[in-house]
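Student: These are the residues of each chain, in order.
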Amino acid sequence: MKLSACTYALLIVLMCGIAPAQVCADEVAVTATVDRATATLEDAVLLSVTVEGTKEQPSLSGLDDFRVTPRGTSSQVRIVNGRMSSSYQFNYLLQPEKTGTFTIGPFTVAHKKATYASNTITLTVSQQAAGSEHGGREVFVTAAVDNDHPYVHERIVYTFKFFRRVQVGNARLTAAPDFEGFVSESLGKEREYRSVINGQAYTVTELRWALYPARSGVAVIGASTLDCDLVIQQRRGRGGFFDDPFFDDSFFGFGTRTAPKSLRTEPVTVMVHQLPAAGRPPGFIRLVGEFELSGVLSDASVHAGDSATLTLTLSGRGNLRSMPAIDLPVLPDVKVYDDKPVFVPDQTGGTLTVKKALVPMKQGSLTIPPVEVAYFNPKEEKYMSARTAPFSLQVLPARQTETLQAIVPGVAGAAKEDVRVLGQDILPIYTGPDVLTAAHEERLNFLHGILLAAPVVLYVVCVFMYNTRARRRAGSARARSRSAWPRFRKRLHGLRAAMQHGSDDFFGEAGRALRDFVGDRLGVSGSALTPSEITSLICDVGVDPHLTDRVRHVLDQCDAGCYGSVAGDAASRQELIKEISAVAHVLRRRI
Amino acid sequence: MMCSSKFLGLLSGVVLAVWCLLVPLAAFSAAGDDLSELLMQATQAYKAGNYDEALSRYKQIAAAGVSNGMLYYNIGNACMRSGKPGLALLYYRKAALRMPRNEDLHTNIQYVLLQAHDSIDCRGYAATLRDFCFWYGRMTLNELAWTALALNALFWLLLFVRFLYRREGLAIALGVVVFLTVLFGASAAVKYYSMTYAPGGVVVAPEVQVRSGTSLNDTVLFRLHEAAECVLEEERDGWVRISLCDGKKGWVQADVVVRID
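Protein chains in written order, with my numbering: chain A, 1 to 591; chain B, 592 to 852.
Derived from the structure by calculation, the hints contain no laboratory data. Bear in mind the structure is a predicted one, so any value in this text is a computation, not a measurement. Take the hints with a grain of salt, since some may be wrong.
Derived DMTMM-like pairs: lysine to aspartate or glutamate, alpha-carbon spacing no greater than 25 Å straight-line [stated by the list, open to error]: (1) Lys650(B) / Glu694(B); (2) Lys362(A) / Asp327(A); (3) Lys839(B) / Asp327(A); (4) Lys340(A) / Asp712(B); (5) Lys379(A) / Glu292(A); (6) Lys382(A) / Asp643(B); (7) Lys650(B) / Asp434(A); (8) Lys840(B) / Glu825(B); (9) Lys98(A) / Asp809(B); (10) Lys355(A) / Glu381(A); (11) Lys840(B) / Glu826(B); (12) Lys839(B) / Asp178(A); (13) Lys840(B) / Glu292(A); (14) Lys340(A) / Asp709(B); (15) Lys382(A) / Asp148(A); (16) Lys379(A) / Glu290(A); (17) Lys638(B) / Glu290(A).
Restraint ranges, calculated between C-beta atoms of paired labels, are given here [claimed, not checked]: (18) Ser785(B) / Pro276(A): 39 to 45 Å; (19) Thr719(B) / Asn467(A): 48 to 54 Å; (20) Tyr788(B) / Pro428(A): 34 to 40 Å.
The beta-carbon is built from N, C-alpha and C at its ideal position, and this holds for glycine as well.
Excised from the complex, chain B in its bound form:
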């Protein structure tokens, strides 16, 4: 009798453990199946020219917690086909943060910028610096950070080796590694700062009046149109202070400019 009750207890424990293991797996699998189904529907709708439906499906996938460059790229395409160049550029820029070396993405961004109404002169010192520091735009924040961390680890390893064996060549190697560590570390820090404290934004309204202050009574300084890009500097009382790369600054209502993150 004792053996029978012990066996039953053991059996119920095993069944419970298996149930606990299998239920989350099944849920995960079901969620994956749902997402695959949504993706298939989105693809079919896009190919059939039903871009609004495709956009809706892609946004459902994003709402389910999926976040990657390819999904944002597809959302950008659906927005572009639906006649929303501002939102398209926003999602392309979001995708570019996650896959900065994707050539298709850059082609589409160039296409949207070509269609944009506003021509903003972005040449100058900052643009030259950006061209010179080519790796900055071609690497994600994580890639920059991990490269800097790996170089940092290599630096300390080399320093220890030099501590053990004082070789002349090691000093040169140390210098090179220090330079690269500082370079990538600074790049990661600048990128983190710009993403956190001065993020980019895209105008999603057809026309936006940029004013001198946070009131509709303030002077209209200039106008921007859909798909114009800017930097979001400060948010206050439902208004955002923006700056363009040609130096123009002003305030717009917060709902017409969307942050790239």
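Chain A on its own, in the form it takes in the complex:
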């Protein structure tokens, strides 16, 4: 079958019909709605923000006074007359935190560099549903303590109760009570029972915590919040198939809907009293309540060196968990070994069991004085002590006398005993004037940076200066060495003139000329040197012995002419000039 050109054109138009519809989808609109205009603090308000034309999630603002819980997203696509439009609904559950009238929104959506805002909604939140204290209410929660004026460390019980007389689901404690200022201890799992209030039967779920105030003053236990979904029966119109009461059973899920509820307790204020300072016994360690102490000694008689077990049981109502141990009075000639204390809690306090192994060292009759534990009784409002009866133990002779003797205290060479710590405390305060001394703050500062860099800079400067000076000194010696020969030749001309004029200081001048030449070449002061020193110097710089002897010979001639009786004729003076000139010429090349 062949399709005509018109049919092809129609198909193409139908297939491409979505394209113009998508263009239309770019029109963005944001709408916000709530499921109610008034609510109570217990209600949860369903907020729906519908965004058309884009999938962008709205930006929520102005919801600081609400607890916001996302409740999912739904989408809808419609094609009407070839135009397609899509919308996305973002749902949130708002739980009011306080009462008042609130303006919710506008919520904004950003799309293609443009921002679209929703409408605003006014929501009024009141304290609670109209009705009585609790009467008439389907669900409510309460929180209370059994004693709102306790002493520090005194045990009180905080009870949270959830009352309901309708079906609820998904109940959960979203904000647990805030026990800041207390040491808390959960008292087991929740308890459920029935209770009748104002003639109406409620199902009650109860949670309890034992609290121990940690310090005196006013302490506030914050509100607890319980969220749940109320199951509400819905009425339907007559005539339908599901009108039969059989289908009203919630098992089928017909005829019911759920309404979220957020129930909150009132904060509980507790006034905590300080323990009185008067009459506080020395061994008192934060034990508050009512206690009894009992003790059992495992054996009536033991051999010296063997152990008997003393079991001490402290039980009662109070903060027993904070009791670290029970100390015995000091027992001479008895070693005491502590076992790990065992604490078993119960609904009112608990039982602390402490076992101690007693090893008597000496035979005889041993009496252990009563063991005592000091505590504060808040009912009597005074410090009291729980004590045991004294214990008697008959110590028989040791099974192995030799071993026993080795550890009897006081005997020479006896085994040493560990120092036993009887108590612990902080060390005393400082009272001297040093307490008032202002110390430097522990901070690195600019001075540290300067002092870190200073040695580096000093090093660089010193090295630079040393090198400069060395260079300068080296330059000066080199210049002197270079100018030695011209100066010597100048003085040689002077010598020749002196020879012609018959100068008396001819030999002295000749010796100084050669000495200064050598001195200039070697960088020393040559005029003060003796012939031996000059020959030694030129020998040190590697001049051969023959030349050294010649230099020595010339200098000796000069000294002899200068200081001796030899006056020397013109020929010998001429000869000396030649020799000095020759020696200096050779030395010029060697040094």
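We have chain A already, so just place chain B on it with the hints.
Tutor: For chain B alone, coordinates are given in the frame of chain A:
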């Protein structure tokens, strides 16, 4: 007449100069007397068992600008006697930053830790390293910094001596000094970093709920009690992110944990 006016001018100048010199000295002396009086009152109150009053007096001394380890030690003692172990540990730690080798202080810190409710396992690699680098905990930041600076100066001095006289022994000495300089310099840098960017903190509230975020609706991860120690990592919107030495982390409200500085 001229001489008389010059003399009067000179005299008034001298009087003014003496006044300017003596007034600050007198003020300083008066302030010192006040502090001594406060210290005496604090000591008497402490010895009489009136620890709250002693604490108040010590805090007045601190507020006057006095800051040293012994004062913080005394404040710690007064807090401990008043039943505030968290604050006591805080002031002991402040004192330890200033006099880390004071044995009395360490005894008292051990006592507070013994009384603390929480047992935090601090063993591990970091603790081993801290034990090995024993000088780190036994020296203040200033001591570490000055030691490093002195060693640095010695290093450059030795380097210059070696520049002048090339001796074999100097190279070994240089190596030793370089090693010590780097060691103490790194220690000072680490201490400065930890004091500035990851300072320690002490829980001062009886019980604190450590949460997963900066909201009261966030999950409670664990609970801490008074005198628990932690590291303060970050502060945001009135909340502080803390970490324990056993690796636990979480957020607490800023007013329940006090920074050690």
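Student: Under the criterion that the straight-line Cα-Cα distance not exceed 25 Å, is the pair Lys840(B), Glu826(B) satisfied?
Tutor: Answer holds: Lys840(B) to Glu826(B) is near 13 Å, not above 25 Å.
Student: Within a Cα-Cα threshold of 25 Å, do Lys355(A) and Glu381(A) meet the stated pairing?
Tutor: 31 Å, violated
Student: Could you grab the alpha-carbon distance between Lys650(B) and Glu694(B) and see if it respects the 25 Å cut-off?
Tutor: 23 Å, holds
Student: Take a look at whether the Cβ-Cβ distance between Ser785(B) and Pro276(A) falls inside 39 to 45 Å.
Tutor: The hinted range 39 to 45 Å holds for Ser785(B) and Pro276(A), with Cβ atoms some 43 Å apart.
Student: For the pair we were handed, Lys839(B) and Asp178(A), check the Cα-Cα distance against 25 Å.
Tutor: 21 Å, holds
Student: If you draw a straight line from the CA of Lys840(B) to the CA of Glu292(A), is it 25 Å or shorter?
Tutor: 41 Å, violated
Student: Holds or violated: Lys379(A) with Glu292(A), Cα cutoff 25 Å?
Tutor: 15 Å, holds
Student: For the pair we were handed, Lys98(A) and Asp809(B), check the Cα-Cα distance against 25 Å.
Tutor: 20 Å, holds
Student: Does the structure keep Lys650(B) and Asp434(A) at a Cα separation of 25 Å or less?
Tutor: 16 Å, holds
Student: Under the criterion that the straight-line Cα-Cα distance not exceed 25 Å, is the pair Lys382(A), Asp643(B) satisfied?
Tutor: 22 Å, holds
Student: Does Lys638(B) pair with Glu290(A) here, judged by a C-alpha cut-off of 25 Å?
Tutor: 32 Å, violated
Student: Going straight from one Cα to the other, do Lys382(A) and Asp148(A) come out at no more than 25 Å?
Tutor: 19 Å, holds
When the structure is compared with the earlier hints, violations turn up for hints 3, 10, 13, 17 and for no others.
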